[in-house]
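Going down the list, the protein sequences come from chains H and Y. Residue numbering for the first sequence is 7 to 503, as defined by my numbering. Residue numbering for the second sequence is 7 to 503, as defined by my numbering.
The set of hints was computed from the structure by calculation and includes no laboratory data. Given the structure is predicted, the values throughout are model-derived calculations rather than measurements. One thing to keep in mind: the hints can contain errors.
The list makes no distinction among identical chains, and a pair is therefore deemed to hold if it is satisfied within one copy or across any two copies.
Below are the DSSO-like pairs computed for lysine-lysine, each with C-alpha atoms no more than 27 Å apart in a straight line [claimed, not checked]: (1) K434 with K391; (2) K457 with K90; (3) K459 with K407; (4) K434 with K254; (5) K36 with K46; (6) K424 with K300; (7) K465 with K407; (8) K294 with K90; (9) K90 with K484; (10) K484 with K42; (11) K484 with K424; (12) K108 with K46; (13) K104 with K46; (14) K457 with K379; (15) K36 with K434; (16) K105 with K379; (17) K434 with K424; (18) K42 with K8.
Number of protein chains: 2
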Amino acid sequence: MKLRVRTYDVDASEPSVMIHDDDCIVLGVKENDRVKISGKSVWVSLVDRSDSVLERGEILIPNFYMGRYDINEGDEVEVTHSPKPDSVMYIRKKMDNKKLTKEEIYAIVNDILESKLSKIEVSAWLTSLYINGMDLDEIANFTNAMVDTGDRIDFTREPVFDFHSIGGVPGNKVTPIVVSIVAAAGLMLPKTSSRAISSACGTSDFVETFCNVELSAEQVKEISERVGGVLAWGGSMNLAPVDDIVIKVEHPLGINPRAQMLASIMSKKVAIGANNLLVDIPMGPGTKVPTLEKAREYVRDFTELGRILGMHIECAITYGDQPVGQAIGPNLEARECIRILEGEKHPASVVEKACDLAGIILEMGGIPDGATKARDILFSGQAHKKFLEIVEAQGGNPNLKADDLKPGQYVQEIVSVKSGYVHTIDNKMLVSIARAAGAPNDKGAGLLIMKKKGQRVEKGDVLMYIHSDNEAKGVRAKEMAIRFNPITIEGMLIERA
Amino acid sequence: MKLRVRTYDVDASEPSVMIHDDDCIVLGVKENDRVKISGKSVWVSLVDRSDSVLERGEILIPNFYMGRYDINEGDEVEVTHSPKPDSVMYIRKKMDNKKLTKEEIYAIVNDILESKLSKIEVSAWLTSLYINGMDLDEIANFTNAMVDTGDRIDFTREPVFDFHSIGGVPGNKVTPIVVSIVAAAGLMLPKTSSRAISSACGTSDFVETFCNVELSAEQVKEISERVGGVLAWGGSMNLAPVDDIVIKVEHPLGINPRAQMLASIMSKKVAIGANNLLVDIPMGPGTKVPTLEKAREYVRDFTELGRILGMHIECAITYGDQPVGQAIGPNLEARECIRILEGEKHPASVVEKACDLAGIILEMGGIPDGATKARDILFSGQAHKKFLEIVEAQGGNPNLKADDLKPGQYVQEIVSVKSGYVHTIDNKMLVSIARAAGAPNDKGAGLLIMKKKGQRVEKGDVLMYIHSDNEAKGVRAKEMAIRFNPITIEGMLIERA
């Protein structure tokens, strides 16, 4: 059927063309079906139907597609029903709990990236992965498929070190310290990080408070090779880009299937050319890894996956049952992190974690007694010097001071209603409170936790401060904190029956 | 946040409001999240984001919602981020293969119906049902939830008989014959049918060639109680309406999870008040029920489900390994069906199946020796008389003749290239060929199968005729038939190696 093109200006999360109901009937096209569109180029799109916003004989094509497929308003295109892509069959195969071949996995990844699979189909794919899983051979193919559908960085300097925290623990601001120590020791660590999805503050959310994180692949290469380290946002490069589409479907479902998680992490590392990778696995209730048994499963997965992919991988299981340090939120985390680079020894949990992780990487790089060496580099000021080089290379202030970073002006206190010892800290609840206060978008918003697990508390002591840039958000966060009580004191009634 | 309403006129398959990117950041709203909108009424909607089709401070609301929630262009509404509904948690529970409570199932069904769950979430739900399934208690609750979210028909005349074919076999045009026989015997059978989703011709697709099938609940009640039978399209009433939303998500995935299938069928039957139900289970390669073992599972499921729901259910396992009769496609099936009501004894497969099914229903209604009685009613012309009464009640011609229904004017012959016996007939391929010819939308389009399984064929004999209303479609269907060869002759080479 010949249809006349009209363009429309909508940023749909799922790009699709729109065709009149009556034309759809003639074409044999139902909702969520596809059509093949032949104009100057030939392509396939999902279809929406309407009987009100367009006339018979028209096809509405989003702006998004116009340039990509060389189409202009008023063009006449030939439109036919297009069968489901083969990848839908392969998704069915995973629903039936069968092992997928390399070709099948590549077809699925490719079709997700090219918008040939709808949100319905991507959701079925992720749900199948969540329920039926993948073995490590499949995950290795999945990883390579994600790498091959994006760009890669080829460093002329080798080897490439990298590390990754699988996340779930708030306040984990060790990345700039680790990168600075490792780079100061003469190794190269081109670190890419993410922004918060469901957390209160991703590494890029707080690094961008003091320098630019949106670097091109060329900038990442140049800065890393020259300075030894970089603190980039992974999303500004085209590394394993299919991940960004998948996350949008994972987010509403609240799932992160093991196969997808492993392939997402590893694909970014393969794409950046890492030869040596340290994986930080924070463990504890409320993290992604609640038990030691589960943590050890991850260790086995990563080690074996590294073997298949030809990458040397070590893992560190770390404490994740309460925040790392005191600060949660962009400016607060940046300040706490930079203070430690400036020589502050407190909070010890941040210093210890950063130096232990950096130490392992140094040893992977052939530097003996890594943990001691890492502390030497940090306490001697070498790491701070290297950090400021990185900040300057990323367009930040070379004379940056920790106290340049200001917490939000509105402060709420949360006070203990009894005396005792801190018994548990609810990570997820702290994240919700920090987000209610405005984190990560309001840079001053966040929490300062004044009492950690096992510490003595007297009635009336401040358990935490809530900072916000907006007073109403601060008040709302305080109400949540009082209602849900994320820091519990031993000796409290758990339940009154 | 206060936003100013603008309306837009789009028939989205997934209704959602649109908010400017910057406002979404302030609201803390990501793609596929929800907002609570407080104006004259308070409601929750999914959100799309844009930075081009609207200004900051605006909210675009589809026409669809304007009346429903008493909103006008230019209104100011209060918009806040709304957490996921609890039903998302219950979907997660099914992903984790746990049994759902009645309340949880009701919440999911209700939220699907009220557009509170996105396509992503409905897809995850169906995929979980496909993989993890439901037990019969859950399916009974699921059925009742689907019934309770729609209308019911309360007949003053009792008992209510019904029958249902679980489908998958083309050319199954027995419904008008069964209904006419049963009604002529004095029992009441208010039959609702569907249109084709992926098949070549649903019962409603061919019944509407000779009378109106879009009846209201009141018409179904009035005609059934007066005439004894009706041949209505189920979609024109509001019986278990959530099904229509679910089908749109099942269709692109090509799945029909057992739990969803059973609950869909049973909910329509409960809603119409059926006390006695006969389920036809066509069995054979290429149908939904490939083996006898699988068929017996369905028998157990339906019988037990009937017990829980308080409905008397019997099942008939029938042959589904080739089309019923010769005709596939709306006018062709209608003609073949009406000819039998007019006294024609051929094709025997149609006569036998219709009389056997009707016979079981008669016996369920206390009429002994049902199969013989059914044949008496058919061959004596009583069924034909009753059929014309039903047609007239549904606005059709009371003097309708089978030959009023004309096959498409363009005819393609498919000829055997060798002699032998018909070995297999590929149902799915026949359906694809009939659809390529234009069925079910082009009423004249379809197939006449001239040779069935086991029949002797001489080289040059016509295996089938392809009819079409459009010559190009007929030629395309012929090409498919030659290429894919749906009717194979014994003694042919299966492969030449």
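Intra- versus inter-copy proximity for K46 and K108 (alpha-carbon distance at most 27 Å): neither (32 Å within a copy, 55 Å between copies)
Alpha-carbon proximity context of K104 and K46, limit 27 Å: neither (40 Å within a copy, 52 Å between copies)
27 Å Cα threshold - placement of K8 relative to K42: For K42 and K8, only the intra-copy Cα distance (12 Å) is at most 27 Å; the inter-copy one is 42 Å.
Homomeric proximity label, K484 with K424: Cα distance no greater than 27 Å: Answer is within: at 18 Å inside a copy they meet the 27 Å cutoff, but 84 Å across does not.
Status of K424 relative to K434 across identical chains (alpha carbons, at most 27 Å): Only inside one copy: K434 and K424 sit 23 Å apart there, 72 Å across copies, limit 27 Å.
Within, between, both or neither: K36, K434 at alpha-carbon 27 Å: between (42 Å within a copy, 19 Å between copies)
Same-copy or cross-copy closeness of K105 to K379 [CA-CA at most 27 Å]: Classified as neither; 46 Å inside a copy, 54 Å across copies.
Homomeric proximity label, K434 with K254: Cα distance no greater than 27 Å: Within one copy, since 21 Å is at most 27 Å while 36 Å is not.
Alpha-carbon proximity between K465 and K407, which holds within one copy, between copies, both or neither at 27 Å: neither (35 Å within a copy, 92 Å between copies)
Intra- versus inter-copy proximity for K391 and K434 (alpha-carbon distance at most 27 Å): The answer is neither: 35 Å in one copy and 71 Å across copies each exceed 27 Å.
Within, between, both or neither: K457, K90 at alpha-carbon 27 Å: neither (57 Å within a copy, 32 Å between copies)
27 Å Cα threshold - placement of K42 relative to K484: Result: close only across copies, 22 Å inter versus 54 Å intra.
Hints 1, 2, 3, 6, 7, 12, 13, 14, 16, counting from the list given before, are not met by this structure.
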